[in-house]
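With chain A held as given, fit chain B onto it using these hints.
As you go down the protein sequences, you meet chains A and B in turn.
Per UniProt numbering, the first sequence starts with residue 1, numbered consecutively.
Per UniProt numbering, the second sequence starts with residue 1, numbered consecutively.
Careful: at least some of the hints might be erroneous.
Calculated lysine-lysine pairs in the DSS-like style (CA-CA distance at most 30 Å, straight line) [said to hold, decoys possible]: (1) 398/A x 99/B; (2) 216/B x 39/A; (3) 399/A x 101/B; (4) 402/A x 216/B.
Just so you have them, the derived chain A footprint on chain B, three or more residues with Cβ under 8 Å [said to hold, decoys possible]: (5) 72-81; (6) 141-150.
To be clear about the criterion: a stretch of chain B counts as covered by chain A if any three or more of its residues have a C-beta under 8 Å from a C-beta of chain A, and this derived list gives those stretches [said to hold, decoys possible]: (7) 168-182; (8) 195-203; (9) 308-316; (10) 345-356; (11) 400-407; (12) 410-420.
In short, the hints are calculated from the structure, not lab data.
For every residue, glycine included, the Cβ atom is placed at its ideal position computed from N, Cα and C.
Listed below are the residues making up each chain.
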Amino acid sequence: MKSIFQLDKPAVSRLCLQFQRLFVVLKLSMERQAVQRAKEAFLSGRTRPLEFRLQQLHALQRMITEKEAEISTALKQDINRSQYDTPLLELIGIENEIKLALEKLAVWAAPRPVERNLLTISDEVYIQPEPLGLVLIIGAWNYPWAVTLQPLVGAIAAGNAAVVKPSELSEHSSLLLRALLPRYLDKDLYPVVTGGVSETQELLRLRFDHVFYTGSSTVGKLVMAAAARHLTPVTLELGGKSPCYIDKDCDIRIACRRITWGKFVNCGQTCIAPDFILCEPCIQGRVVECIRQTLLEFYGADPKCSPDYGRIINQHHFSRVMGLMEGYTPVVGGQSDASQRYIAPTVLKDVPPHSRLMQEEIFGPLLPIVTVSDMDDAIRFVNEREKPLALYIFCSDKKATKRMIEETSSGGVTVNDVMMHYTLSSLPFGGVGESGMGHYHGKHTFDQLSHQRACLVRSLRMENVNLARYPPQDRRRARRVQMALRSPMIDMSKRTFIWAVTATIIGLGLYL
Amino acid sequence: PNGEGGRCFLAVVVIQPVRYGLLHPERKAVARARKAFETGRSKSLEYRILQLKNLQRLFTERQSAVSDAIKKDLNKSEVGTQLYETLGLEGELSLAIKKLKEWAAPRPVEKNLMTISDTVYVKPEPLGVVLIIGAWNYPWAVTIQPLIGAIAAGNAAVVKPSEVCVHTAKAMEDLLPLYIDKELYPVVTGGVPETQELLRQRFDHIFYTGNSMVGKLIMEAAAKHLTPVTLELGGKSPCYIDKDCDLSIACRRVAWGKYTNCGQTCIAPDYILCEPSIQDRVIEEVTKSIKEFYTDNPKTCPDYGRIINQRHFKRIMNMLEDSTIAEGGDNDESDSFIAPTILRDVKPEAKVMQEEIFGPLLPILPVNGLDEAIKFINKGEKPLALYVFSSDKKVIKRMTDETSSGGLLANDCLVHYSVSSLPFGGVGNSGMGCYHGKFSFDQLSHLRSCLIKQLKMEGVNSMRYPPHTLKKLGWIIWKMYNNKAEKQGCFSELMRS
Numbered sequence: 001m002k003s004i005f006q007l008d009k010p011a012v013s014r015l016c017l018q019f020q021r022l023f024v025v026l027k028l029s030m031e032r033q034a035v036q037r038a039k040e041a042f043l044s045g046r047t048r049p050l051e052f053r054l055q056q057l058h059a060l061q062r063m064i065t066e067k068e069a070e071i072s073t074a075l076k077q078d079i080n081r082s083q084y085d086t087p088l089l090e091l092i093g094i095e096n097e098i099k100l101a102l103e104k105l106a107v108w109a110a111p112r113p114v115e116r117n118l119l120t121i122s123d124e125v126y127i128q129p130e131p132l133g134l135v136l137i138i139g140a141w142n143y144p145w146a147v148t149l150q151p152l153v154g155a156i157a158a159g160n161a162a163v164v165k166p167s168e169l170s171e172h173s174s175l176l177l178r179a180l181l182p183r184y185l186d187k188d189l190y191p192v193v194t195g196g197v198s199e200t201q202e203l204l205r206l207r208f209d210h211v212f213y214t215g216s217s218t219v220g221k222l223v224m225a226a227a228a229r230h231l232t233p234v235t236l237e238l239g240g241k242s243p244c245y246i247d248k249d250c251d252i253r254i255a256c257r258r259i260t261w262g263k264f265v266n267c268g269q270t271c272i273a274p275d276f277i278l279c280e281p282c283i284q285g286r287v288v289e290c291i292r293q294t295l296l297e298f299y300g301a302d303p304k305c306s307p308d309y310g311r312i313i314n315q316h317h318f319s320r321v322m323g324l325m326e327g328y329t330p331v332v333g334g335q336s337d338a339s340q341r342y343i344a345p346t347v348l349k350d351v352p353p354h355s356r357l358m359q360e361e362i363f364g365p366l367l368p369i370v371t372v373s374d375m376d377d378a379i380r381f382v383n384e385r386e387k388p389l390a391l392y393i394f395c396s397d398k399k400a401t402k403r404m405i406e407e408t409s410s411g412g413v414t415v416n417d418v419m420m421h422y423t424l425s426s427l428p429f430g431g432v433g434e435s436g437m438g439h440y441h442g443k444h445t446f447d448q449l450s451h452q453r454a455c456l457v458r459s460l461r462m463e464n465v466n467l468a469r470y471p472p473q474d475r476r477r478a479r480r481v482q483m484a485l486r487s488p489m490i491d492m493s494k495r496t497f498i499w500a501v502t503a504t505i506i507g508l509g510l511y512l
Numbered sequence: 001p002n003g004e005g006g007r008c009f010l011a012v013v014v015i016q017p018v019r020y021g022l023l024h025p026e027r028k029a030v031a032r033a034r035k036a037f038e039t040g041r042s043k044s045l046e047y048r049i050l051q052l053k054n055l056q057r058l059f060t061e062r063q064s065a066v067s068d069a070i071k072k073d074l075n076k077s078e079v080g081t082q083l084y085e086t087l088g089l090e091g092e093l094s095l096a097i098k099k100l101k102e103w104a105a106p107r108p109v110e111k112n113l114m115t116i117s118d119t120v121y122v123k124p125e126p127l128g129v130v131l132i133i134g135a136w137n138y139p140w141a142v143t144i145q146p147l148i149g150a151i152a153a154g155n156a157a158v159v160k161p162s163e164v165c166v167h168t169a170k171a172m173e174d175l176l177p178l179y180i181d182k183e184l185y186p187v188v189t190g191g192v193p194e195t196q197e198l199l200r201q202r203f204d205h206i207f208y209t210g211n212s213m214v215g216k217l218i219m220e221a222a223a224k225h226l227t228p229v230t231l232e233l234g235g236k237s238p239c240y241i242d243k244d245c246d247l248s249i250a251c252r253r254v255a256w257g258k259y260t261n262c263g264q265t266c267i268a269p270d271y272i273l274c275e276p277s278i279q280d281r282v283i284e285e286v287t288k289s290i291k292e293f294y295t296d297n298p299k300t301c302p303d304y305g306r307i308i309n310q311r312h313f314k315r316i317m318n319m320l321e322d323s324t325i326a327e328g329g330d331n332d333e334s335d336s337f338i339a340p341t342i343l344r345d346v347k348p349e350a351k352v353m354q355e356e357i358f359g360p361l362l363p364i365l366p367v368n369g370l371d372e373a374i375k376f377i378n379k380g381e382k383p384l385a386l387y388v389f390s391s392d393k394k395v396i397k398r399m400t401d402e403t404s405s406g407g408l409l410a411n412d413c414l415v416h417y418s419v420s421s422l423p424f425g426g427v428g429n430s431g432m433g434c435y436h437g438k439f440s441f442d443q444l445s446h447l448r449s450c451l452i453k454q455l456k457m458e459g460v461n462s463m464r465y466p467p468h469t470l471k472k473l474g475w476i477i478w479k480m481y482n483n484k485a486e487k488q489g490c491f492s493e494l495m496r497s
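If we strip away everything but chain A, and leave its shape as in the complex, we get (with noise of 0.2 Å):
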């Protein structure tokens, strides 16, 4: 056996190459190790009582605020974050989900009493909402924080256990997540799981109950695809280009100011960013003003100076951004800096519909107009394209705008103001078509994460009641059955005598 200092070259890669596999399986093999171990923290059933589930949430609760700090610093580093959009823009939201679900779960939780009919009419009939067991989280980049502790609260309020799978692009949220989760909360029911591309495919070959992923269309498919080898579910919460459309007659200072701040926050990098604007060309001069004065405003001369402006969370999205502009010249801002991944806050006039702009998802800081003769055109424009996450109109006129908002569809619909429906927790969050299925905040989590289950308990008494419905089929008693199914539903919570008075005569009807 010759020492590691005689082998040869050949011989040194070889053996390099062992280690890098023995390395590769030891580390797929954790995937593993962490599902295999939640699954079985599920099946112990200790998520199932309602006090388990509120301490965790409680604690979860509590690494948010005792962890602001670090949290907002992660962010800081991955994509220049400023430290009051963290709250504002994160974790306010995730706390309300956490404080809705501590008040809300054991209403959740409860059985659903549902309407009975005649048949029914002594049975207990409900729907009772269940954990599925568990659930795997792919988180993305941009609100790393947000996209991936809000569906975790849903899965631990339903009663599940489940698999954290934070986006590796936001590598500082990341590596916090993964030091920070397991110091909180239970460590076998809720791991995290670091990791790119190979460990997503690897975790996407084990079973789950329910995946619930946030990123892109494209990787949406090959989520769902994976899920169908094993018959799971899926939440897709996609993205696409959300249009803004401004009508001349409304006050377009105001939605120029409200368009500008959903568009540049987080450097453009949000699912439901305004993603373009349709205008006629009268008003496209006003708009490019508005627009330029209110970036005066918010970001100041230099927007690359202002702490409140954010940074692109790579090289690769920085280049590709750039991309989108070229042959253009912008009306506004244009500058950018490789070495800080930053790109001005920049507007294009007269674009046109098959530029490279309009093909993709921009995710970043540049605002396109592209004109058009009117609402009319607009509704064209947009239905001519994918269905996306969200839709914007700015108007003052209502019927004109219930009229754009029954020719088209969209994930959800903003109107004068842009991204807000995304914060109101009763209202369910999520794309159609290629900007995704299923949805979730608030309730609808709980919802989305659960089996809702269709209880029917009856009593081995009354067997007559049964007795048409038995073979031999003869018309006489199947008209008798055809009559009792055939019956209204009765909502029991009424109670009123004529119904129990009806109810008793038919159902001695049935038995003579």
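Frame of chain A, contents of chain B only:
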């Protein structure tokens, strides 16, 4: 024109499209349905209700044609067809017609302080073109019920009945275009290649009823277009009979649930779990019920069905190999007849316990009490239905709490299917999504969140805008805004500042 150019012209402009259409009528049907959907005619509620009423007429006017086709496919009696197929559809149609306006209306939601002066609601919208792939066991029920939901929700729908129920598929192909919009709701018949061709097209939702294996393929195909799916699959639905219950009634209900449609029901009680001490009585009572229902000679009884085809006949007969027959077992391959059969002392490794039976074999597995039954059930995949017969509420509660299944029915079989206020669907291997009643409408709609604000009250927004300064401290108040509307104090505070 003649010569090379002329030939090319013909090929491209004439022959290719014709060939395309002839070889792929599925593509044409889907394209036509999409075009019809885009005209917007299915948006109006009146139009949808008209289509639903036309469907109603189909079942009143063509009852005999429907029954004839079923008789040829499954040997179901006319009354049986009514009871198990068309009656349910009539109920769903009446419900949809009555409730459509309510279901399709915008649904207001709870507001918070930030949105207190805004209009906030969820708006149900059509998805677009839905693909409905039916099954052969209750062909009208499982193909038309989703269609009712699709029509009610304002979609177009391509209906692909199962080719296994040959006569019913033909009846659907002939009858549906006579009553409902033939462009919006085309019927595409055919087998595996036609289904595969359909699955290559892009839909806005796919609704499939059938088995788990094909369910996976459907979901994989749907993933390529990011099409959401509803999969109504199957599994082995366990039936636990507690020793403390009225056995004669329990067994009668189980026998009815099992042998209806010759066991070919996705929610049929697949096998029985009971204590060894009551096994003999269970066999006795089930046998009694069989004789009551189907006479001493089920083969001649008009109410007893047949196995759908030879392949399934052979599959089911193979399952008998390693189990003891307590009752029944008679069969006739030429008639696809298998008598109502009970198997006793069945072991978990037996052939009959390896896959969903979907036939008239009722295995009994002895277990030593509820604990063992629950453990056994949890070892297998989550079933579509779970049945528990007991007079003891505690037993029912334990079974409910410690297992999972699509649906749970205590002290009866099958009937939870007919309660339209209960969502009908599976979990895990038994499926995803649910339908019936309003659930069908919601499943085949997009529930779009709408927030209508005004361009006034811009002051309220100021705290979210940069530059963020400590002085503003607005973000703390923003935080309070997102909570309940009780915090009137802060709101008025802000309005003053």
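Hints breached by this structure: The structure breaks hints 4, 6, 7, 8, 9, 10; every other hint is satisfied.
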